[in-house]
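First to last, the protein sequences are chains A and B. Numbers 224 to 419, taken from the numbering used here, label the letters of the first sequence in order. Numbers 224 to 419, taken from the numbering used here, label the letters of the second sequence in order.
Hint data in this document are derived by calculation from the structure and do not stem from the laboratory. Heads up, a few of these hints could be off.
Intra- or inter-copy, both count: the list cannot distinguish identical chains.
[Said to hold, decoys possible] Okay, derived cross-link-like pairs now, BS3-like style, lysine-lysine, Cα gap no bigger than 30 Å in a straight line:
no.	residue 1	residue 2
1	Lys292	Lys415
2	Lys347	Lys292
3	Lys230	Lys415
4	Lys318	Lys230
It should be emphasised that the depicted structure is a prediction, and the values quoted were computed from it without experimental measurement.
Number of protein chains: 2
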Amino acid sequence: MHWEGEKRRRLRQLEEAIERGEVDEPAIPVLEAINSLPDYCTTSSCSGRIIVLHEPEVGDKRGSEFVAKWHEPVEVEEVREAVRRAPDEGLTWLKAQPPLFHVLCRDLEAARRLRSAASEAGFKASSIRSIKDSKVVVEILGSERMEVPVKIDGRETIRREAWPHLVEMCNRLLARGHARLERLVRAVEGLKDDAG
Amino acid sequence: MHWEGEKRRRLRQLEEAIERGEVDEPAIPVLEAINSLPDYCTTSSCSGRIIVLHEPEVGDKRGSEFVAKWHEPVEVEEVREAVRRAPDEGLTWLKAQPPLFHVLCRDLEAARRLRSAASEAGFKASSIRSIKDSKVVVEILGSERMEVPVKIDGRETIRREAWPHLVEMCNRLLARGHARLERLVRAVEGLKDDAG
């Protein structure tokens, strides 16, 4: 792999995706901080999200489909409406998912440094996901997570009066993930000096 | 680190833990398969579990405490009773957690092989968690997961009639994780030939 060429190509794709509005806003400072370092190149990102997901059968992750997806705080009625819209048979999930970044690293030592920095910035679930030839991929992953089965074979599981609390929790988890992104940016900027 | 000495010491600890009944039964064949290979040594394990967890404040993971913990299928009433027993203030979770193994590897190449084998056996979230000096730790992790806030500041969120379905889902996730452990044992045994 020609590192410089590969990175240039990926950064071009990223710029186009940002222009098309396909990259969620809060992720952008993190992407910029990581990509400004010579040893790293982001390949995918999510700043955290709230989703309603439908599985045609319990456990059929492959057949699962998004019913709704939000990257910003959501209203109770939006969520409930999405849950009602999901097919009755099978399983409908309401999930809050933490920030997630995949980063291609020039070598193993660079990967090790990034993983440690991310972990210290509160992204405890960060790890080295794969090492193939000279490619090392780091996954930066938060832990602000909730996974609630809200409709099972057409039956809603959540009490009506609990919905506002549940959605508030989703929004809080999202906000906490976003707040942690600032710490991540500072941690990544700290790597500049390490690389000396 | 003297690999052979460290591994002998850890295996002795593991044997003692098994004798004391501290290791959950379904994990044992996996531990035996991994430890029978010269390049690997398990450091912790869980075959998957269902837990009721209480956080004194929403998001206070450090202050969180187990209310109940099961490694085998559970009855609806046991779960509900644990949820009622949890303090009212704060947040009570019902979680189904996937199988989890931490494995010390002799070197990076051994770690890479184990992570790939685990991933192919369906443990897609497996990763290299840390590389320090010559220590490489692989985390083998399943994806059978559910995380439901069941009591928020004293208010239960789950409809009474939904409880049996929710607990059944926990039990199914647990069973699916256990079934996958057999694939993991075979995948680990396959590494024997790779190492030549």
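Checked hints:
no. : hint               : verdict
1   : Lys292 with Lys415 : neither (35 Å within a copy, 44 Å between copies)
2   : Lys347 with Lys292 : both (25 Å within a copy, 23 Å between copies)
3   : Lys230 with Lys415 : within (18 Å within a copy, 37 Å between copies)
4   : Lys318 with Lys230 : neither (33 Å within a copy, 40 Å between copies)
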